[in-house]
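Q: All chains, please: the whole structure from these sequences, using the hints.
Protein chains: 2
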Amino acid sequence: MIEIQKTYSISDLAKEFDITTRSIRFYEDQGLIKPSRRGQTRIYSPQDRVRLKLILRGKRLGFSLAETRRLFDLYDADRSSAAQLETMITLIDEKKIHLQQQMEDITVVLMELSSVETRCRSELKDLT
Amino acid sequence: MIEIQKTYSISDLAKEFDITTRSIRFYEDQGLIKPSRRGQTRIYSPQDRVRLKLILRGKRLGFSLAETRRLFDLYDADRSSAAQLETMITLIDEKKIHLQQQMEDITVVLMELSSVETRCRSELKDLT
DNA sequence: TAAAAACTTTACCTTAACGTAAACTTCACG
DNA sequence: CGTGAAGTTTACGTTAAGGTAAAGTTTTTA
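Chains as they are written, first to last, in the numbering used here: chain A, 43 to 170; chain B, 43 to 170.
Rather than coming from a laboratory, the hints here were simulated on the basis of the structure. Hints are supplied without guarantee of correctness; some may be wrong.
For chains that are exact copies, the list does not tell them apart, and a pair is met inside one copy or across any two.
To be verified - Straight-line alpha carbon distances no greater than 30 Å define the calculated DSSO-like cross-link-like pairs of lysine-lysine that follow:
{"hint": "1", "residue 1": "Lys-167", "residue 2": "Lys-137"}
{"hint": "2", "residue 1": "Lys-137", "residue 2": "Lys-101"}
{"hint": "3", "residue 1": "Lys-48", "residue 2": "Lys-95"}
{"hint": "4", "residue 1": "Lys-95", "residue 2": "Lys-137"}
{"hint": "5", "residue 1": "Lys-101", "residue 2": "Lys-138"}
{"hint": "6", "residue 1": "Lys-57", "residue 2": "Lys-95"}
A: Next up, the structure:
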């Protein structure tokens with residue numbers, strides 16, 4: 043059985059994720075994606091596409107590209123030495139703490155926004 | 043009964059929140075805080091302090107200063123016209139949707155990190 | 001096969017959010 | 001009373017994350 047790997051052009055991905063090709067090339071520049079080439083032309087694999095998705099998710103969470111790269115490197119890392127593994131666990135814990143803080147912040151802000159919204163709606167009703 | 047309002051110097055706040063005085067002055071420049079003055083010297087009220095706290099929370103959530111300012115303006119806004127109130131509700135809803143998306147992202151990433159961490163710990167155990 | 005469409009590199013430009021330095025004023029205190 | 005700490009303004013520098021433009025190649029497609 044022959045496996046056929048779907049591929050994407052740079053503008054396929056740009057369209058799909060609604061970003062510019064410039065951004066995609068920039069992410070490559072920063073070492074976040076490494077598409078293969080046919081001649082000079084970049085060819086993106088499904089794996090590359092997943093990476094891109096992860097980059098964008100990271101951005102939504104306020105990660106810098108450098109941080110996201112850090113996480114990718116962690117993920118790809120050499121998992122043979124105990125030292126490496128321990129560094130990795132430490133970094134993961136740091137990230138987790140940060141994200142939990144963010145969750146709390148979001149919860150609070152969401153409640154506050156809802157409360158302001160409720161007041162707005164009631165004032166709006168009183169205005170009629 | 044006489045109310046005594048506690049005040050803070052710029053470096054009080056800088057120390058408390060572990061930021062530079064430069065940042066605090068910059069936030070003022072961008073219209074996010076408006077401390078009073080004694081001569082040239084800035085005097086911060088408890089309300090100013092709260093604002094600063096909110097700015098920093100916004101930053102943790104990935105808000106730009108401009109966005110945070112937007113939210114402050116919303117909050118302080120003239121609440122007399124129906125149009126104003128409707129704009130406000132719309133903006134609040136947008137923010138809420140954005141934050142909910144962020145919550146989902148965080149939940150997913152936290153689970154993924156935990157899973158990687160578990161694998162790390164088990165590999166670490168096998169190494170001994 | 002000619003022209004349009006998509007791709008490439010190189011290089012300079014832009015914005016946000018401060019950092020840093022200079023030059024000056026104003027207090028607190030030993 | 002001078003001196004050091006903390007405050008001020010002004011202004012230029014820096015970094016991240018792209019935008020934009022030029023100039024060239026390759027690939028489609030009418």
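Q: Please work out whether the CA atoms of Lys-167 and Lys-137 approach to 30 Å or closer within one copy, between two copies, in both situations, or in neither?
A: Only across copies: Lys-167 and Lys-137 sit 22 Å apart there, 45 Å inside one copy, limit 30 Å.
Q: Given identical chains, is Lys-137 near Lys-101, meaning Cα to Cα at most 30 Å, within a copy, between copies, both, or neither?
A: Result: close both inside a copy and across copies, 14 Å intra and 16 Å inter.
Q: Reference check for the pair Lys-48 and Lys-95, CA-CA at most 30 Å: within, between, both, or neither?
A: The answer is within: 16 Å in one copy meets 30 Å, while 49 Å across copies does not.
Q: Is it within a copy, between copies, both, or neither that the alpha carbon of Lys-101 lies no farther than 30 Å from that of Lys-138?
A: both (16 Å within a copy, 18 Å between copies)
Q: With 30 Å as the alpha-carbon cut-off, assign the pair Lys-57 and Lys-95 to within, between, both or neither.
A: within (13 Å within a copy, 39 Å between copies)
Q: Checking Lys-95 and Lys-137: alpha-carbon separation at most 30 Å within a copy, between copies, both or neither?
A: Classified as both; 19 Å inside a copy, 22 Å across copies.
When held up to the earlier numbered hints, the structure conflicts with none and fits them all.
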